[in-house]
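S.K.: Following the hints, put chain R with the ligand in place on chain S, whose structure we already have.
What follows is the residue order along each chain.
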Amino acid sequence: MKDPATPPGDPNITCALPASRLEAFTVQGKRPHRAAAPRTPEELSQLLQTAQREHWAVVPFGSGSRQDLGNPPKRFDLALATTRLDRIPEYEPQDLVVRVESGCRLARLQELLAADRLCLPVVPSAYRQTTLGGMVAANASGPDRYGHGTLRDYLLGVGVIQADGTQTRFGSRVVKNVTGYDMCKLYAGSFGTLGVFYDFYFKLKPLPPMEKTVVGLFRKLPPVRRALSKLLRSPLVPTALELLDGNASRRLDRKLDWSGKIAGYALAVKFGDLEAAVNWQVKELKEIWSSCLDGDMLVSDAREQARLWDGLREDHFCMAEPPLESVKLKVGILPDQLVQWIEEMEKHLSGIEAPFFLRAHAGSGVIRVYCHLDPATAQAGRLAGLIERWRSLLNAVRGSVVIESGPATLKNRVDAWGYRYKDLKLMRQIKNRLDPREILNPGRFVV
Amino acid sequence: MAVETSEPGFPRTEVRKELVDLLDSDRVLDTPEELLVYECDGLTLHSRMPDFVVFPSSTREVLEIVRLARRHRVPFLARGAGTSLSGGTIAAEGGIVLELSGMNRILQIDLENRLAQVQPGVVNQHVTRAVEADEFYYAPDPSSQVASTIGGNVAENAGGPHTLKYGVTTNHVLALEAVLPDGEVYRLGTAAGDPVGFDLVGTFVGSEGTLGIATEATVRLLHSAPAVKTLLAVYDSVSEATQTVSGIIARGIVPAALEMIDKNTIQAIEAGVYSSGIPQDAAAVLLIEVDGLEAGIDQQLEEILEVVRSRQVREVRVARSADERKKLWAARKNAFGAYGRISPNYYTMDGVIPRSKLPEVLGRIESLGREYGLRMANVFHAGDGNLHPIILYDIAREDAKEKVMALAGAILRCCIDVGGTLSGEHGIGLEKREFMRLFFSEAELQVMGRLKRVFNPDNLANPQKIFPMRRGCGEMSSLSEDSRDRLSRFEGDPEFVRF
Ligand SMILES: Cc1cc2nc3c(=O)[nH]c(=O)nc-3n(C[C@H](O)[C@H](O)[C@H](O)COP(=O)(O)OP(=O)(O)OC[C@H]3O[C@@H](n4cnc5c(N)ncnc54)[C@H](O)[C@@H]3O)c2cc1C
Chain S
1 MKDPATPPGD PNITCALPAS RLEAFTVQGK RPHRAAAPRT PEELSQLLQT
51 AQREHWAVVP FGSGSRQDLG NPPKRFDLAL ATTRLDRIPE YEPQDLVVRV
101 ESGCRLARLQ ELLAADRLCL PVVPSAYRQT TLGGMVAANA SGPDRYGHGT
151 LRDYLLGVGV IQADGTQTRF GSRVVKNVTG YDMCKLYAGS FGTLGVFYDF
201 YFKLKPLPPM EKTVVGLFRK LPPVRRALSK LLRSPLVPTA LELLDGNASR
251 RLDRKLDWSG KIAGYALAVK FGDLEAAVNW QVKELKEIWS SCLDGDMLVS
301 DAREQARLWD GLREDHFCMA EPPLESVKLK VGILPDQLVQ WIEEMEKHLS
351 GIEAPFFLRA HAGSGVIRVY CHLDPATAQA GRLAGLIERW RSLLNAVRGS
401 VVIESGPATL KNRVDAWGYR YKDLKLMRQI KNRLDPREIL NPGRFVV
Chain R
1 MAVETSEPGF PRTEVRKELV DLLDSDRVLD TPEELLVYEC DGLTLHSRMP
51 DFVVFPSSTR EVLEIVRLAR RHRVPFLARG AGTSLSGGTI AAEGGIVLEL
101 SGMNRILQID LENRLAQVQP GVVNQHVTRA VEADEFYYAP DPSSQVASTI
151 GGNVAENAGG PHTLKYGVTT NHVLALEAVL PDGEVYRLGT AAGDPVGFDL
201 VGTFVGSEGT LGIATEATVR LLHSAPAVKT LLAVYDSVSE ATQTVSGIIA
251 RGIVPAALEM IDKNTIQAIE AGVYSSGIPQ DAAAVLLIEV DGLEAGIDQQ
301 LEEILEVVRS RQVREVRVAR SADERKKLWA ARKNAFGAYG RISPNYYTMD
351 GVIPRSKLPE VLGRIESLGR EYGLRMANVF HAGDGNLHPI ILYDIAREDA
401 KEKVMALAGA ILRCCIDVGG TLSGEHGIGL EKREFMRLFF SEAELQVMGR
451 LKRVFNPDNL ANPQKIFPMR RGCGEMSSLS EDSRDRLSRF EGDPEFVRF
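Listed in order, the protein sequences are those of chains S and R. Heads up: the first sequence at position 127 corresponds to 127 in our numbering, and the numbers run straight through without jumps. Heads up: the second sequence at position 398 corresponds to 398 in our numbering, and the numbers run straight through without jumps.
If you're looking for bench data, these hints aren't it; they were derived computationally from the structure. Treat the hints loosely; a few may be bogus.
[To be verified] Short derived list, chain R residues pointing at chain S, Cβ under 10 Å: (1) F55; (2) S57; (3) Q280; (4) A283; (5) T421.
[Stated by the list, open to error] DEER-style ranges, computed between Cβ atoms: (6) R:R311 / S:A306: 54 to 60 Å; (7) R:D323 / S:P235: 56 to 62 Å; (8) R:A406 / S:G443: 52 to 58 Å; (9) R:S441 / S:E23: 35 to 41 Å; (10) S:P89 / R:G409: 49 to 55 Å; (11) R:D417 / S:R254: 56 to 62 Å; (12) R:D298 / S:R233: 24 to 30 Å.
[As the list claims (entries may be wrong)] List of simulated lysine to aspartate or glutamate pairs, EDC-like, C-alpha gap at most 16 Å: (13) S:K283 / S:D296; (14) S:K422 / R:D236; (15) R:K263 / R:E240; (16) S:K422 / R:E177; (17) S:K230 / R:E112; (18) S:K330 / S:E388; (19) S:K230 / R:E135; (20) S:K425 / R:E184; (21) S:K422 / R:E184; (22) S:K212 / S:D310; (23) S:K255 / S:E321; (24) R:K165 / S:D153; (25) S:K328 / S:D153; (26) R:K403 / R:E442; (27) R:K17 / R:E64; (28) S:K283 / R:E294; (29) S:K261 / S:D296; (30) S:K425 / R:D182; (31) S:K230 / R:D134; (32) S:K212 / S:E90; (33) S:K203 / S:D68; (34) S:K212 / S:D153; (35) S:K261 / S:D301; (36) R:K333 / R:D236; (37) R:K263 / R:D236; (38) S:K230 / R:E64; (39) S:K212 / S:E321.
All values reported here derive from a predicted model rather than from experimental measurement. Where is the CB? At the ideal position from N, CA and C, for every residue including glycine.
So here's chain S without its partners, still in its complex pose (with noise of 0.2 Å):
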């Protein structure tokens, strides 16, 4: 079936796309030879079965806003867009369930939900572009995981493509599920690698009525350590808990024109609930934080939330400009380690001699580590220098040092995941079985 909309593409596969749309798919530097936007699982289907029988090298491609992660493509045949999958087929809010097919963005379907007062609860970077199909891939999650959890949470069921083109489903629109393997915790996270999703079945959660932000100021660590410490041990269950350091606090108030509001370490709590929980855990929270905070306490107003939120979840503000490189990694710790490393990490990136800002998920063990390289220096070899002996530190809790993004000087030098542990003999070989003629995005992910 060829597009009448747009010039005609390769002919040997069935909507393709124009050779002039080839850019755009372009993954770390690499640029694929042919482009499809299959609009049903039948034609995505075929292509796959076409794939492989030509042992094509597939990425499946959503808005593109995740394609930095993990290593270049080994090789990269067909770019698989989902931007036409896009419908939402099953809406039954009095389910709190909803069925989307793979190419719909997140801003969309949020739109739809908000109107009946419900929401996916996981709201990632890049929130106006993303699709679902790149945020199941990626296991995606944003601020509010501290509440809700990543999106494998919320998967109930999965349509997906196997590697020959087989149509497959797994799981269904009921919340609770144990009917064979729990296929769709093996699917959420797998990076494109183990068959094309076409569309999910989600599990919805009411908006709460309400949300207030309190933003704890620190000029030390230590009394971060304590007010962290505190607020864990307490009953107050906050949605979102975000850390920042001084570099990244001030970059953030620079980008919010807050004049120096926020400045030092600061702790970033969200609470929503009914009203009066929220009010009470807002008052709570000033109490408990009394006795350790060593600078200031605000409350934001909605606006004021609103706009600190949004900056927060887009990392832009930790962003290099030209011709500074930008790396992100994104390192996982065991959660009450979290003020010891961000302390070593300040100390180790000094060395680099390259502007560094870090942020945390605090509360679920995940810092992010943004780092501007100079490509004129040697700092990228040093960087990952950095990147293995930080591994090895964390070799003991099962901890790890992902490279979400930066330049191929980086990854040249180390791979992007570094999973060394002894189960990667088992994802081999789940990989192998399930896609044995490596087609689906050969050499990015951990197999």
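M.R.: Relative to chain S, chain R with the ligand alone:
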């Protein structure tokens, strides 16, 4: 029905000797008298005796036993408390049962990171007991929680009344240690940030012992909610009760628990010593709980009461004290024990439907019961749409078993027809494996079969579970031409997995 027994396909004497060398004879059972209690689990409709029951006390010993089993090609499976309701704990091909009740230590409690690291034989409720003084708890609360083990919960992905708000087992397991059928120990997942690579913890949880034996679990702890409100609403009509459930969910309220108890169950409970004073002529009862902070709890309760009162409800009781709350829950908790009073035998089923279909499906199940001439009861997690139809029967009656199985099949079909699935929390096991094709295509079964092969290539770990065994000619000819074609295409494929 007894699963077919045949001569073991392994050198029994030699295996016995090696087991005794490893564990000493007091930790190896192999006489019929000793093995009898291990012949079945909570699902008494199936049974089969294992060849050996062994009691390992460490990961090391589990590993040695699995290696031995692998060497001699002996089927093996773990057993926690044996409360599985799907026949998951039955040694379908004999072999070795590893009874893990001796591996019951809580290895670490780490409140700063809100986690506990436990051995698989730890009883669910003991985790909460170990941390409740610090106001923490382990959220998944199967009704069997005083007996069932974390290992069994992990294998079955157990749920419970409060999983409506807090999620099932898989949402609370961060990491596992497991001995896999290849005779190696693996660590899966992590408590340090997000795991990298495929989510093998999520894949293992709910795999019913077919991928290996969990020898350790790192589970999440939650801070207990400071405030709880519980209410019981009594109805004269089932549909008013189910409409209330749908109404609560549709209002966007997620209670901590939302359970329904039907008339036959009420009568069974009230006939016993634990009577909770529910009127015997009530058609249905809803047990609803909200929890959270003290601030706002009354408003949560009010919103629920508003929905409850918008339908025809005979009576609403709100617990005013912890004691009263316990009493309201007693009815729900004693339900299973009570059926014995009104029926010689009963069979607990498990199916899930979209919750908005509750009124329709409950009606259909009731008429199916009449059609098959069997009495039924129902006590279930209404908020999740997770039904537990209970078939009451007398095994002494002629055709009883056949009739029960036929009715059970009809009920499962009915769940599938409305977009539901075969099981919400009890698993597929032996019980429902032949129904898997109602829900999965051959291609989908093959994908899961390939996954199974990665972990369990020789099919020694808990064989015959989950996957359908039958595919007789009758079944072949009932398939459409197209699916027969697809099937033969599969069978020609070197990757084709026979389950
Ligand atoms: C009265 C009653 C009420 C129940 N209520 C609920 C309920 O509310 N919710 C619910 O979800 N279930 C319920 N169940 C079912 C049952 O209790 C659960 O499935 C429970 O998780 C089983 O735990 P167990 O320790 O008894 O496991 P077992 O029955 O001993 O084993 C179950 C399965 O897990 C495997 N297994 C056991 N340990 C391990 C291990 N360490 N590694 C790998 N595999 C292992 C076994 O091989 C078997 O396949 C109920 C059962 C009864 C009898």
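S.K.: Each hint needs a verdict: does it hold in this structure or not?
M.R.: For each hint, the structure was consulted:
{"no.": "1", "hint": "F55", "result": "violated (27 Å)"}
{"no.": "2", "hint": "S57", "result": "violated (24 Å)"}
{"no.": "3", "hint": "Q280", "result": "violated (31 Å)"}
{"no.": "4", "hint": "A283", "result": "violated (23 Å)"}
{"no.": "5", "hint": "T421", "result": "holds (4 Å)"}
{"no.": "6", "hint": "R:R311 / S:A306: 54 to 60 Å", "result": "violated (38 Å)"}
{"no.": "7", "hint": "R:D323 / S:P235: 56 to 62 Å", "result": "violated (23 Å)"}
{"no.": "8", "hint": "R:A406 / S:G443: 52 to 58 Å", "result": "holds (53 Å)"}
{"no.": "9", "hint": "R:S441 / S:E23: 35 to 41 Å", "result": "holds (39 Å)"}
{"no.": "10", "hint": "S:P89 / R:G409: 49 to 55 Å", "result": "violated (30 Å)"}
{"no.": "11", "hint": "R:D417 / S:R254: 56 to 62 Å", "result": "holds (59 Å)"}
{"no.": "12", "hint": "R:D298 / S:R233: 24 to 30 Å", "result": "holds (26 Å)"}
{"no.": "13", "hint": "S:K283 / S:D296", "result": "holds (15 Å)"}
{"no.": "14", "hint": "S:K422 / R:D236", "result": "violated (59 Å)"}
{"no.": "15", "hint": "R:K263 / R:E240", "result": "holds (14 Å)"}
{"no.": "16", "hint": "S:K422 / R:E177", "result": "holds (12 Å)"}
{"no.": "17", "hint": "S:K230 / R:E112", "result": "holds (10 Å)"}
{"no.": "18", "hint": "S:K330 / S:E388", "result": "holds (13 Å)"}
{"no.": "19", "hint": "S:K230 / R:E135", "result": "holds (14 Å)"}
{"no.": "20", "hint": "S:K425 / R:E184", "result": "holds (12 Å)"}
{"no.": "21", "hint": "S:K422 / R:E184", "result": "holds (10 Å)"}
{"no.": "22", "hint": "S:K212 / S:D310", "result": "holds (14 Å)"}
{"no.": "23", "hint": "S:K255 / S:E321", "result": "holds (14 Å)"}
{"no.": "24", "hint": "R:K165 / S:D153", "result": "holds (12 Å)"}
{"no.": "25", "hint": "S:K328 / S:D153", "result": "violated (25 Å)"}
{"no.": "26", "hint": "R:K403 / R:E442", "result": "violated (28 Å)"}
{"no.": "27", "hint": "R:K17 / R:E64", "result": "holds (14 Å)"}
{"no.": "28", "hint": "S:K283 / R:E294", "result": "holds (14 Å)"}
{"no.": "29", "hint": "S:K261 / S:D296", "result": "holds (9 Å)"}
{"no.": "30", "hint": "S:K425 / R:D182", "result": "holds (12 Å)"}
{"no.": "31", "hint": "S:K230 / R:D134", "result": "holds (14 Å)"}
{"no.": "32", "hint": "S:K212 / S:E90", "result": "violated (33 Å)"}
{"no.": "33", "hint": "S:K203 / S:D68", "result": "violated (28 Å)"}
{"no.": "34", "hint": "S:K212 / S:D153", "result": "violated (24 Å)"}
{"no.": "35", "hint": "S:K261 / S:D301", "result": "holds (14 Å)"}
{"no.": "36", "hint": "R:K333 / R:D236", "result": "violated (22 Å)"}
{"no.": "37", "hint": "R:K263 / R:D236", "result": "holds (10 Å)"}
{"no.": "38", "hint": "S:K230 / R:E64", "result": "violated (45 Å)"}
{"no.": "39", "hint": "S:K212 / S:E321", "result": "violated (33 Å)"}
Against the hints set out earlier in the document, violations occur for numbers 1, 2, 3, 4, 6, 7, 10, 14, 25, 26, 32, 33, 34, 36, 38, 39.
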